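FYI, this note's numbering numbers position 260 of the sequence shown as 246, with every residue one higher than the one before it.
Hints in this document: simulated from the structure, not taken from any laboratory.
Owing to the predicted nature of the structure, the values given are computational and were not obtained by experimental measurement.
Misleading hints may appear alongside valid ones.
Here are the computed distance ranges between Cβ atoms for each label pair [claimed, not checked]: (1) Asp85 - Arg183: 39 to 45 Å; (2) Pro191 - Glu141: 43 to 49 Å; (3) Met(-13) - Glu141: 26 to 32 Å; (4) Lys260 - Ala142: 18 to 24 Å; (5) Met(-13) - Asp33: 39 to 45 Å.
Ideal placement from N, C-alpha and C gives every residue a C-beta, glycine not left out.
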Amino acid sequence: MPAEKIYNLSGKRVWVAGHNGMVGAALVRRLAGTGAVLLTVDRSALDLRSQSAVRDWVAAHRPDAVFVAAATVGGIEANRTRPAEFLYDNLMIAANVIDAAAAGGVSKLLFLGSSCFYPRAAEQPIGEEAMLTGPLEPTNEWYAVAKISGVKLCEAYRRQYGKDFIAAVPTNLYGPGDDFDFASGHVIGALMSKIHRAHESGTGPVEVWGTGRPEREFLFVDDAAEALVFLMERYSEEEIINVAGGETVSIAELARLIAGVIGYQGGLRFDTGKPDGMPRKVLDPTRLQAAGWRSTASLREGLAETYAWFLANPDRR
């Protein structure tokens, strides 16, 4: 049985920081059915890297609850070429939103960590206790350090000020609103864009970075949003909690699944000169499942829905 609600969102003023991102947009869709009063603000109107601006916005709009889904994100190449941006932006976003929430009387906050902050050599599947037990994966360490800092800020404000601030750690997410850019996108978005273009032009084979052997777990973003709302309403612990329980496939298998969804038959070529990242990354969902939540969307179903969104939104490619 699912854990009982301890924080009812109905009637609460809920700020989704990062509402235009993939996860933030999914949270907005999910929150529409909770009775919450939704608060959002575009980055053009509020720079989350500015402490004074964030404090002023929170004081003016008085959110009761906050989902911290805002972040500067990207794949291996984006992390490699923009380390200062990934570290600075994400440190500032976490520090400013969490601090402003505490100062502004926010009663509940959920911060999104990242599975990339678990050690490269962590035992699989990765449990929450693995954080800070070993060296990070070098291809995303800048982003990982910032996300660890956000988790620790939630813990610190809970211990020092008694704030009900929690942190969840999503596995690899994908879905409508993903980044489909070759250079900055994560693996599903980048592969879907590459394979689509090859399919449209009748060319091939499509180049896939690395050997294709690394294994990753993927969770549909609307499933993840369901889990995050579930945790906001039912979880209140200092310990981080994995949002996981999707499907695990190799990168090669993933590329073939995407090709099947698109209808592409031009073949794949693996560029072994490009980095693989962690050889395997699968999160342990035991804690979340024990609370009563499980994912529902299959990977193929989720990929089909993602591709339908991709086709319907050419301006976001």
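How the hints compare with the structure:
{"no.": "1", "hint": "Asp85 - Arg183: 39 to 45 Å", "in the structure": "holds (43 Å)"}
{"no.": "2", "hint": "Pro191 - Glu141: 43 to 49 Å", "in the structure": "holds (47 Å)"}
{"no.": "3", "hint": "Met(-13) - Glu141: 26 to 32 Å", "in the structure": "holds (28 Å)"}
{"no.": "4", "hint": "Lys260 - Ala142: 18 to 24 Å", "in the structure": "violated (38 Å)"}
{"no.": "5", "hint": "Met(-13) - Asp33: 39 to 45 Å", "in the structure": "holds (43 Å)"}
The earlier numbered hint that this structure contradicts is number 4, and it is the only one.
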